Amino acid sequence: MVLSFIRIKFQIIIPFIFLLFSCNNVKVKNNSDSYTEIKNKYARLFKIETSRKLKKLSVFDVNGNLKENYYLLNKSVKKGDTFNNSVFIKTPVKKVVCLSTTHIAFIDFLNETEKIFAVSGTKYIFNKNLRKQIKKGKVKDIGYENSLDFETILSLKPDLVTVYDINGSISPTINKLKQYHIPVVQVNEYLEPSVLGQAEWLKFFAAFFEKDKEATQKFNIIEKKYLQFKKMTDTIKQRPTILLNMPWKGIWYIPGGKSNIAQLIKDAGGNYLWANTEETHNYALNIEEVFEKAQNAVFWLNPGQAKSINNVTATDVRLKKFNAVNTGLIFNRNKRLSTDGGNDYMESGTLRPDLILKDLIQILHPELLKNDSLYYYRKLR
Numbered sequence: 019m020v021l022s023f024i025r026i027k028f029q030i031i032i033p034f035i036f037l038l039f040s041c042n043n044v045k046v047k048n049n050s051d052s053y054t055e056i057k058n059k060y061a062r063l064f065k066i067e068t069s070r071k072l073k074k075l076s077v078f079d080v081n082g083n084l085k086e087n088y089y090l091l092n093k094s095v096k097k098g099d100t101f102n103n104s105v106f107i108k109t110p111v112k113k114v115v116c117l118s119t120t121h122i123a124f125i126d127f128l129n130e131t132e133k134i135f136a137v138s139g140t141k142y143i144f145n146k147n148l149r150k151q152i153k154k155g156k157v158k159d160i161g162y163e164n165s166l167d168f169e170t171i172l173s174l175k176p177d178l179v180t181v182y183d184i185n186g187s188i189s190p191t192i193n194k195l196k197q198y199h200i201p202v203v204q205v206n207e208y209l210e211p212s213v214l215g216q217a218e219w220l221k222f223f224a225a226f227f228e229k230d231k232e233a234t235q236k237f238n239i240i241e242k243k244y245l246q247f248k249k250m251t252d253t254i255k256q257r258p259t260i261l262l263n264m265p266w267k268g269i270w271y272i273p274g275g276k277s278n279i280a281q282l283i284k285d286a287g288g289n290y291l292w293a294n295t296e297e298t299h300n301y302a303l304n305i306e307e308v309f310e311k312a313q314n315a316v317f318w319l320n321p322g323q324a325k326s327i328n329n330v331t332a333t334d335v336r337l338k339k340f341n342a343v344n345t346g347l348i349f350n351r352n353k354r355l356s357t358d359g360g361n362d363y364m365e366s367g368t369l370r371p372d373l374i375l376k377d378l379i380q381i382l383h384p385e386l387l388k389n390d391s392l393y394y395y396r397k398l399r
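One gets the numbering used here by counting positions in the sequence shown from 1 and adding 18 to each.
In short, the hints are calculated from the structure, not lab data. Incorrect hints may appear among the rest.
Computed beta-carbon distance windows for the label pairs [as the list claims (entries may be wrong)]:
{"no.": "1", "residue 1": "Lys-146", "residue 2": "Pro-190", "range": "47 to 53 Å"}
{"no.": "2", "residue 1": "Glu-232", "residue 2": "Glu-296", "range": "34 to 40 Å"}
{"no.": "3", "residue 1": "Thr-357", "residue 2": "Asn-164", "range": "25 to 31 Å"}
{"no.": "4", "residue 1": "Lys-156", "residue 2": "Gln-256", "range": "49 to 55 Å"}
{"no.": "5", "residue 1": "Thr-345", "residue 2": "Asn-294", "range": "22 to 28 Å"}
{"no.": "6", "residue 1": "Arg-399", "residue 2": "Lys-231", "range": "22 to 28 Å"}
{"no.": "7", "residue 1": "Gly-359", "residue 2": "Thr-331", "range": "44 to 50 Å"}
Computed list of lysine to any residue pairs in SDA-like fashion (alpha-carbon distance at most 20 Å, straight line) [what the hints assert, rightly or not]:
{"no.": "8", "residue 1": "Lys-71", "residue 2": "Asp-230"}
{"no.": "9", "residue 1": "Lys-397", "residue 2": "Lys-311"}
{"no.": "10", "residue 1": "Lys-59", "residue 2": "Phe-78"}
{"no.": "11", "residue 1": "Lys-57", "residue 2": "Gln-235"}
{"no.": "12", "residue 1": "Lys-249", "residue 2": "Leu-214"}
{"no.": "13", "residue 1": "Lys-242", "residue 2": "Asp-390"}
{"no.": "14", "residue 1": "Lys-243", "residue 2": "Lys-388"}
{"no.": "15", "residue 1": "Lys-249", "residue 2": "His-383"}
{"no.": "16", "residue 1": "Lys-276", "residue 2": "Thr-259"}
{"no.": "17", "residue 1": "Lys-353", "residue 2": "Asn-263"}
{"no.": "18", "residue 1": "Lys-276", "residue 2": "Lys-141"}
{"no.": "19", "residue 1": "Lys-150", "residue 2": "Ile-279"}
{"no.": "20", "residue 1": "Lys-57", "residue 2": "Asn-206"}
{"no.": "21", "residue 1": "Lys-85", "residue 2": "Pro-211"}
{"no.": "22", "residue 1": "Lys-141", "residue 2": "Tyr-162"}
{"no.": "23", "residue 1": "Lys-156", "residue 2": "Tyr-182"}
{"no.": "24", "residue 1": "Lys-153", "residue 2": "Asn-164"}
{"no.": "25", "residue 1": "Lys-85", "residue 2": "Gly-215"}
{"no.": "26", "residue 1": "Lys-146", "residue 2": "Thr-357"}
{"no.": "27", "residue 1": "Lys-248", "residue 2": "Asn-263"}
{"no.": "28", "residue 1": "Lys-133", "residue 2": "Pro-190"}
{"no.": "29", "residue 1": "Lys-311", "residue 2": "Thr-357"}
{"no.": "30", "residue 1": "Lys-150", "residue 2": "Leu-355"}
{"no.": "31", "residue 1": "Lys-158", "residue 2": "Thr-357"}
{"no.": "32", "residue 1": "Lys-158", "residue 2": "Thr-140"}
{"no.": "33", "residue 1": "Lys-276", "residue 2": "Lys-146"}
{"no.": "34", "residue 1": "Lys-141", "residue 2": "Met-364"}
{"no.": "35", "residue 1": "Lys-57", "residue 2": "Ser-76"}
{"no.": "36", "residue 1": "Lys-85", "residue 2": "Asn-193"}
{"no.": "37", "residue 1": "Lys-194", "residue 2": "Gly-215"}
{"no.": "38", "residue 1": "Lys-325", "residue 2": "Lys-311"}
{"no.": "39", "residue 1": "Lys-243", "residue 2": "Ile-279"}
{"no.": "40", "residue 1": "Lys-74", "residue 2": "Glu-86"}
Predicted, not measured: the structure shown is a model, and the values here were computed from it. Yeah, the Cβ is synthetic: ideal placement off N, Cα and C, and Gly gets one too.
Let the hints inform the model, and build the full structure from the sequences given.
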């Protein structure tokens, strides 16, 4: 917080809080128990291991480097204590703070929504269960990333704060929370190279609520549905061409051929025009470059925030020349919006690639899924 009166409060309460924690440090004699790894099917960026005393969760970056270890205990242990630069967390957790809306979706899917006591940006939450809690004043808004309301977080005494860190931008926030002995867990699901790998992070979240079996069962259902839908297009020969996104200030950010959306389009029986590129992320092209390659694309998907074809063409008059504008085959992932603009695709889509794939198949090959309605997507008029 930047307000001076809050700083004064911090000067008074922080030493007191620190004293409480430092006087109750857990003495762990050894950490040499033999661990058994619970193998993931798809996820590469987390690992769960169990021993007689502990459950060990490890989080990695995209290069396989260890970011941090978390040790979960269901016995009496003071939250936030560290050992060998690791974090000990008592489970099941009862108070959680989420800094990403995708984390909300995972926790809600485990039927633990009532354990969320604060989120980053309540206005843009879609989840109906959590919105009810927000309206009742039971869920606090603690701001965004490096301007978090630390006083509110401290007053809640959370068992767990889930964060994401893009290029180290939130590292100062993470370090500050750790200084206050608040257990901080980094969630890297958005960096997973496969959509099922992203969804498998359900098992990671479940460990904090001691719902491992339930998470495995629910993930297996998601996986089964996804693979069933994918199988429907395995023998498809006619694969319509696809254009993605839309320009911003003359620059068109195109997803690379190794991105998750490119994978979804392939599995849905589509021909993504940049499928042969090696990038996993978006890269910048000018409108002329995109026009040259994608003018005749059959479908145009995910055109920013557009809610109508007029919204699309109003961005740049040159967009009227794209074939999909004239045929009306433009679809956007904004069917499920809250009154304040919270988008469920951005919130729960990471967890439900099966529903996204089903939508895409219905758009690209409606003959395969007759009489079904779209879940995340809608056709622009």
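Verification of the supplied hints:
1. Lys-146 to Pro-190: 47 to 53 Å: violated (34 Å)
2. Glu-232 to Glu-296: 34 to 40 Å: holds (38 Å)
3. Thr-357 to Asn-164: 25 to 31 Å: Holds, since Thr-357 and Asn-164 (Cβ atoms, about 28 Å apart) stay within the stated range.
4. Lys-156 to Gln-256: 49 to 55 Å: Holds, since Lys-156 and Gln-256 (Cβ atoms, about 52 Å apart) stay within the stated range.
5. Thr-345 to Asn-294: 22 to 28 Å: holds (25 Å)
6. Arg-399 to Lys-231: 22 to 28 Å: Since the Cβ atoms of Arg-399 and Lys-231 sit about 45 Å apart, the hinted range of 22 to 28 Å is violated.
7. Gly-359 to Thr-331: 44 to 50 Å: violated (22 Å)
8. Lys-71 to Asp-230: It holds: about 16 Å lies between the C-alpha atoms, which stays within 20 Å.
9. Lys-397 to Lys-311: violated (23 Å)
10. Lys-59 to Phe-78: The hint holds at about 16 Å.
11. Lys-57 to Gln-235: Satisfied, since the Cα-Cα distance of roughly 15 Å is no more than 20 Å.
12. Lys-249 to Leu-214: At roughly 15 Å apart (the allowed maximum being 20 Å), Leu-214 and Lys-249 satisfy the hint.
13. Lys-242 to Asp-390: At roughly 19 Å apart (the allowed maximum being 20 Å), Asp-390 and Lys-242 satisfy the hint.
14. Lys-243 to Lys-388: The given pair, whose Cα atoms are some 17 Å apart, holds under the 20 Å limit.
15. Lys-249 to His-383: Holds - the C-alpha atoms of His-383 and Lys-249 are around 13 Å apart, at most 20 Å.
16. Lys-276 to Thr-259: holds (17 Å)
17. Lys-353 to Asn-263: Status holds; Cα separation ~16 Å.
18. Lys-276 to Lys-141: violated (33 Å)
19. Lys-150 to Ile-279: Violated: Lys-150 and Ile-279 sit about 32 Å apart, past 20 Å.
20. Lys-57 to Asn-206: holds (17 Å)
21. Lys-85 to Pro-211: Between Lys-85 and Pro-211 the Cα gap is close to 17 Å, so the pair holds against 20 Å.
22. Lys-141 to Tyr-162: Between Lys-141 and Tyr-162 the Cα gap is close to 12 Å, so the pair holds against 20 Å.
23. Lys-156 to Tyr-182: With Cα atoms ~23 Å apart, Lys-156 and Tyr-182 exceed 20 Å; violated.
24. Lys-153 to Asn-164: Since the Cα atoms of Lys-153 and Asn-164 sit roughly 25 Å apart, the hinted pair is violated (cutoff 20 Å).
25. Lys-85 to Gly-215: Distance of about 18 Å is within 20 Å: holds.
26. Lys-146 to Thr-357: Roughly 11 Å separates the two Cα atoms, so the pair holds.
27. Lys-248 to Asn-263: violated (23 Å)
28. Lys-133 to Pro-190: violated (26 Å)
29. Lys-311 to Thr-357: It is violated: about 37 Å lies between the C-alpha atoms, which goes past 20 Å.
30. Lys-150 to Leu-355: Within the cut-off at roughly 16 Å; holds.
31. Lys-158 to Thr-357: holds (19 Å)
32. Lys-158 to Thr-140: holds (8 Å)
33. Lys-276 to Lys-146: violated (33 Å)
34. Lys-141 to Met-364: holds (14 Å)
35. Lys-57 to Ser-76: Given pair Lys-57, Ser-76 holds - Cα atoms ~13 Å apart, limit 20 Å.
36. Lys-85 to Asn-193: At roughly 13 Å apart (the allowed maximum being 20 Å), Asn-193 and Lys-85 satisfy the hint.
37. Lys-194 to Gly-215: Cα-Cα ~30 Å, so violated.
38. Lys-325 to Lys-311: Status violated; Cα separation ~25 Å.
39. Lys-243 to Ile-279: holds (18 Å)
40. Lys-74 to Glu-86: It holds: about 10 Å lies between the C-alpha atoms, which stays within 20 Å.
This entry does not satisfy hints 1, 6, 7, 9, 18, 19, 23, 24, 27, 28, 29, 33, 37 and 38, going by the numbered hints stated previously.
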